[in-house]
Amino acid sequence: MIQRWLLFLLGSCIVLPVHAQEPDNANQYLADEALDTSGRHRLTQLWAMLPGWSGFAVDGYTPTVTPGALSLPQQPRWAAFVDGHHVPLRVLGQQHLEALPLHVPQLGEVGTYTRPVYRYGQIRNRGLLDLKLRPLQDGWHARGHVALGNEIDDPGPYRYVDDSLPNIDRGGPVAFVEVSGKGPRASLRASASIDEHHPTDPLVRRRLFYLHRDTVNPITRRQSALVQAAWRGGRSEHHLLAFYTDLQPYRWLPGTGAELPTFERHSYVGLRGGAPSYRVDGLRYRLHYATQDYDPRINRDQAFVDYRRASLHGSMAWTAGSPHTYATIGASADQHQQFDLDSTRSFITSGRLTGLLHTSYASGILRLSSEIERRLETSALRGVGEWTQYLGEAHELRTTLSYATRIHPSYTMPWYWEGEGFSFYDRLELSTVNNAPFFTRGRLASADVVWQSTLGNTWLEAGGLFRYYSGLNIAEYRYSYTEEVVSATNYAFPATVNLRIGASGYVAGGHARVGVDVMERVTSEAYYQYQRPVTNDDAFWEAWAVLPQHQAQLDVRFAPLRRFNVALRGRYRSGTQWLSFRPADDQTGGRFGWERPAYVLVDAMLTKDFWKDHLTASIALRNVLNTPFRTHPAGTQEHMTLWIGITAGL
Amino acid sequence: MIRSALLAALLLLTASAHAQPVFDTVLFSASGTLNLDAPTTFSDRWSPGYGGHLEVATPFYRGFFELGVGYHTYGARQPVPVFDALHVYGGYGLYLIDGPVSVSLSGRLGNYRMQFDEATFDGVRTESELTVSAVLRGDVALGPRLGVFASGTYQHTYTFVRLGLVYASAGVTYLLPTPSWLKSALE
Numbered sequence: 024m025i026q027r028w029l030l031f032l033l034g035s036c037i038v039l040p041v042h043a044q045e046p047d048n049a050n051q052y053l054a055d056e057a058l059d060t061s062g063r064h065r066l067t068q069l070w071a072m073l074p075g076w077s078g079f080a081v082d083g084y085t086p087t088v089t090p091g092a093l094s095l096p097q098q099p100r101w102a103a104f105v106d107g108h109h110v111p112l113r114v115l116g117q118q119h120l121e122a123l124p125l126h127v128p129q130l131g132e133v134g135t136y137t138r139p140v141y142r143y144g145q146i147r148n149r150g151l152l153d154l155k156l157r158p159l160q161d162g163w164h165a166r167g168h169v170a171l172g173n174e175i176d177d178p179g180p181y182r183y184v185d186d187s188l189p190n191i192d193r194g195g196p197v198a199f200v201e202v203s204g205k206g207p208r209a210s211l212r213a214s215a216s217i218d219e220h221h222p223t224d225p226l227v228r229r230r231l232f233y234l235h236r237d238t239v240n241p242i243t244r245r246q247s248a249l250v251q252a253a254w255r256g257g258r259s260e261h262h263l264l265a266f267y268t269d270l271q272p273y274r275w276l277p278g279t280g281a282e283l284p285t286f287e288r289h290s291y292v293g294l295r296g297g298a299p300s301y302r303v304d305g306l307r308y309r310l311h312y313a314t315q316d317y318d319p320r321i322n323r324d325q326a327f328v329d330y331r332r333a334s335l336h337g338s339m340a341w342t343a344g345s346p347h348t349y350a351t352i353g354a355s356a357d358q359h360q361q362f363d364l365d366s367t368r369s370f371i372t373s374g375r376l377t378g379l380l381h382t383s384y385a386s387g388i389l390r391l392s393s394e395i396e397r398r399l400e401t402s403a404l405r406g407v408g409e410w411t412q413y414l415g416e417a418h419e420l421r422t423t424l425s426y427a428t429r430i431h432p433s434y435t436m437p438w439y440w441e442g443e444g445f446s447f448y449d450r451l452e453l454s455t456v457n458n459a460p461f462f463t464r465g466r467l468a469s470a471d472v473v474w475q476s477t478l479g480n481t482w483l484e485a486g487g488l489f490r491y492y493s494g495l496n497i498a499e500y501r502y503s504y505t506e507e508v509v510s511a512t513n514y515a516f517p518a519t520v521n522l523r524i525g526a527s528g529y530v531a532g533g534h535a536r537v538g539v540d541v542m543e544r545v546t547s548e549a550y551y552q553y554q555r556p557v558t559n560d561d562a563f564w565e566a567w568a569v570l571p572q573h574q575a576q577l578d579v580r581f582a583p584l585r586r587f588n589v590a591l592r593g594r595y596r597s598g599t600q601w602l603s604f605r606p607a608d609d610q611t612g613g614r615f616g617w618e619r620p621a622y623v624l625v626d627a628m629l630t631k632d633f634w635k636d637h638l639t640a641s642i643a644l645r646n647v648l649n650t651p652f653r654t655h656p657a658g659t660q661e662h663m664t665l666w667i668g669i670t671a672g673l
Numbered sequence: 033m034i035r036s037a038l039l040a041a042l043l044l045l046t047a048s049a050h051a052q053p054v055f056d057t058v059l060f061s062a063s064g065t066l067n068l069d070a071p072t073t074f075s076d077r078w079s080p081g082y083g084g085h086l087e088v089a090t091p092f093y094r095g096f097f098e099l100g101v102g103y104h105t106y107g108a109r110q111p112v113p114v115f116d117a118l119h120v121y122g123g124y125g126l127y128l129i130d131g132p133v134s135v136s137l138s139g140r141l142g143n144y145r146m147q148f149d150e151a152t153f154d155g156v157r158t159e160s161e162l163t164v165s166a167v168l169r170g171d172v173a174l175g176p177r178l179g180v181f182a183s184g185t186y187q188h189t190y191t192f193v194r195l196g197l198v199y200a201s202a203g204v205t206y207l208l209p210t211p212s213w214l215k216s217a218l219e
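Just so you know, the sequences run in chain order A and B.
Residue numbering for the first sequence follows the numbering used here, beginning at 24 and increasing consecutively.
Residue numbering for the second sequence follows the numbering used here, beginning at 33 and increasing consecutively.
The shape of chain A in the complex, shown without the other chains (with noise of 0.2 Å):
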């Protein structure tokens, strides 16, 4: 008996420490598993695996997406995380994951966190995507990567009948290379990645075609390479991040009515360390450096993007405790700059102190964290309660509470700036905000609650979400229609813009989650979730209606053989509205289609390893239907989708 408590105590000291620093808490994980059998290459593909983010693309691309309900889906604000290191993705009010250095295949886990929470030393209350590199193994290992993507509908010999059939979209290469090593106190890792999309989609292909001088084959480009070391010493351990990616897509920026075509340059180092993780207390650091800057690709109208974005942040935080009850304090200092063609500059500073209590007891956990953030001459202050019970072995409830005010900024949207003398958009005849205010002050109160139960071989999960907004400024944008060549931008779809102050409302959901081992090497999960805004407040239902309000998704994986995964996804979203696009649509008796169908798309995926796990190769039809879906009514229409990937490791 003595024995056994004290081998309990041993695994106690193991285990919780590393875990009561970072519970393993998140609303999903994708483990290795899954995102080697998901034949998805991208980054930006990963979106489909992950049915609580909403989102759309305009080019079949680049997805906006919105956690949980969490920020407005124009605004997107949630956290990005790369080995516990912030990415800052945010430019012009939009956020673009393509910016990060890693496709698909060079991830061991990624986590998603659709409610407040406090993690990573500050409280993240927009959402989190927390993702994880692979891994390391002892000794030197190189890795490598290829995919290439085919879209149906091409012309083939028919190209010779009739030539106003389109050529489809192609995706690919999707390739990194990567080599790394470790060793008993350090390791490091180097890959440098590319990845090329092909817009052919006739709506787009149309815009870009008077647009960008390069008619004949547009191409969106990534060229990236990332850095990660690591020392983990006695009583310390530091851990380094550093990327460059040069991008060069067709922006599609609110506002605009086409895609821009920019070089983008996005650079980033990270440091983060201090007391080693297995340990609770203790003295942690962060530190980064990240720049963001647009510039012009040549075209014909030389309308050109030029801003840049520099931020630097630094926290420190301590915690004191046992492994079942700690307290952390932190404090953390950020500052942004933008500043344009003109050499305009703003800086915005900003001071954050934040504190946690954690305390774990047999049947449950209790976090309680607070945070006061002084910015823009101003203060806002958060708190989350996050209590987990367990009920017996097989259930658990696990309840979020947050309240935050929040600090609108306009400075973060471009028609701000425009309006303010900033030139972002130079050449180009944008409708603007003249007088908006700088910042405005909101509130917004949520309520999460999540059952989970494991019964036999079958998980069952069913949760609510509950969210109050106040104070935001909304965009309502109005898209006409045009053929006729106004300038550069307006050429397609002329917009104006009104600013809806002080908007509020409340967006209530909920979802459950049904996971089932079938048979013996048949696991399947089906997944539904309904959310909607509730409000009278006009622009508040506009910006809600352009998320569906049902999704459903359901896994099933089939492992015949050792090494071998057949899958399958289905995946359903209900219609959504685009209110903004409703005038283009009268002018065109319903060309766009401002209200969206549902659809439904079916993926089959085949994976298998080789040669001891060294070589694997997968094959991914997607939208196995074929059904013809657009996510935004200025959008690429996509249709039936092979991908074969290659992956080689030694």
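Derived from the structure by calculation, the hints contain no laboratory data.
Since this is a predicted model, take the numbers as computed values, not measurements.
Yeah, the Cβ is synthetic: ideal placement off N, Cα and C, and Gly gets one too.
Treat the hints with care, as some may be off.
[Claimed, not checked] Only some residues are given here: those of chain A computed to face chain B with a beta carbon under 8 Å:
(1) I175
(2) D176
(3) D177
(4) G179
(5) P180
(6) Y183
(7) L188
(8) L584
(9) F633
(10) L665
Assemble chain B onto chain A, guided by the hints.
Same frame as chain A, now just chain B:
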């Protein structure tokens, strides 16, 4: 199309399990192919000609896995360019009848790369498109290694105007035990 898929699925489900160990043998096939021309909008303009296929197959989970490459030629019946096509595919099949005389049904996924004899636009002379095929095949073993076979193939090519082509093929097969290094790599 859906009926065909359901019929194929039913046949696959009712097929007898092939008990041969996974990756135990490699079956090489070489064949000549004749397109069975049918009156379509495609055959009004192009005349499918002869072709050939090279394939390898190995036992895999109650059936067999195959990889192959085919070459097809197309002449012109109207003033349109002639073209050649390279078909690269992989597939999985089950034996409906097993033994010295065997009958199998397989499904294939592939890429059809068409090379035209004049530029389509701006110098581009090729088009690639996804194919899905169903193959009914009969094999007769003439000895421990040598055999002959005949097959019928329906190939669905997902160009904007779908191409549905039917082929008849006949050829020879040669069976080899899988070398241990290759079997190890495949496993």
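Hints and how they fare:
| no. | hint | in the structure |
| --- | --- | --- |
| 1 | I175 | 4 Å, holds |
| 2 | D176 | 5 Å, holds |
| 3 | D177 | 5 Å, holds |
| 4 | G179 | 3 Å, holds |
| 5 | P180 | 6 Å, holds |
| 6 | Y183 | 5 Å, holds |
| 7 | L188 | 5 Å, holds |
| 8 | L584 | 5 Å, holds |
| 9 | F633 | 6 Å, holds |
| 10 | L665 | 5 Å, holds |
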